[in-house]
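**Student:** Listed below, chain by chain, are the residues.
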Amino acid sequence: AQTVTQSQPEMSVQEAETVTLSCTYDTSESDYYLFWYKQPPSRQMILVIRQEAYKQQNATENRFSVNFQKAAKSFSLKISDSQLGDAAMYFCACGTGNQFYFGTGTSLTVIP
Amino acid sequence: GAGVSQSPSNKVTEKGKDVELRCDPISGHTALYWYRQSLGQGLEFLIYFQGNSAPDKSGLPSDRFSAERTGGSVSTLTIQRTQQEDSAVYLCASSLEQGRNQPQHFGDGTRLSIL
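Keeping their order, the protein sequence lines are chains A and B.
Here my numbering is used: position 107 in the first sequence is 281, and no number is missing along the way.
Here my numbering is used: position 1 in the second sequence is 73, and no number is missing along the way.
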């Protein structure tokens, strides 16, 4: 079975500071992809960043970067220079085979 | 349109009624997914379609749930004899093709409330 676990239901960060959201996953597949999605109050899920499991180099996308530890099956998201617009639910997801598996989300609050 | 479109955005209905939720994917996207998001929960996979292939229905929670995709484009998710536990946000997503490496583009969802 594939599972994705986000152990932090809620996180908060001061504006302009850095925050790291945790995610662990479990899959028996050797080829998979990992994603972080953001869901603001508007409800629409927005892709933040994607990581190919076969790549050792951590993906980065502007202020967003990941720390991918394949052996530990860990895929954390780091948000640098946090902005008020970063406040949202963040979902980690693992794409294997034909399906995607999502974690239960982390609610991020940005404090002005 | 540029994105995935879902309608209605909100639906309130009485227990026992049937509901239909619609999803219009991004033009040219062959893969389409339905998810259910209950309050405070992650996304629960329901069903996905890939082109003209038989859909993967493995996530449908009961036989009251069904979905179809006509002409490889618009999809409808139907819930028969709705129950209160069906209350949730139903999200639709599409991707260029089916595959674990393809990012999914989501609609705004339909918030379904069963009274």
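Do not rely on the hints blindly, as some may be mistaken.
Said to hold, decoys possible - These stretches of chain A come out as covered by chain B in the derived footprint (C-beta under 8 Å, 3 or more residues):
no.: 1; segment: 215-227
no.: 2; segment: 275-283
Unchecked claim - Across the chosen pairs, the derived CB separations fall in these ranges:
no.: 3; chain 1: A; residue 1: L221; chain 2: B; residue 2: R153; range: 45 to 53 Å
no.: 4; chain 1: A; residue 1: K229; chain 2: B; residue 2: L168; range: 33 to 41 Å
no.: 5; chain 1: B; residue 1: V84; chain 2: A; residue 2: N232; range: 39 to 47 Å
no.: 6; chain 1: B; residue 1: S145; chain 2: A; residue 2: D200; range: 40 to 48 Å
no.: 7; chain 1: B; residue 1: K129; chain 2: A; residue 2: T278; range: 35 to 43 Å
no.: 8; chain 1: B; residue 1: G131; chain 2: A; residue 2: K244; range: 24 to 32 Å
no.: 9; chain 1: A; residue 1: L258; chain 2: B; residue 2: E157; range: 45 to 53 Å
no.: 10; chain 1: A; residue 1: Q230; chain 2: B; residue 2: E157; range: 39 to 47 Å
no.: 11; chain 1: B; residue 1: T148; chain 2: A; residue 2: I285; range: 19 to 27 Å
no.: 12; chain 1: A; residue 1: E189; chain 2: B; residue 2: L111; range: 26 to 34 Å
no.: 13; chain 1: A; residue 1: Q273; chain 2: B; residue 2: Q156; range: 22 to 30 Å
no.: 14; chain 1: B; residue 1: G143; chain 2: A; residue 2: Q273; range: 19 to 27 Å
Since the hints were derived computationally from the structure, they do not count as laboratory data.
Using N, Cα and C, we set each Cβ at its ideal position, and we do this for glycine too.
**Student:** Any hints from earlier that this structure breaks? Give me their numbers in increasing order, please.
**Tutor:** Result: hints 3, 4, 6, 7, 9 and 11 break, sorted rising.
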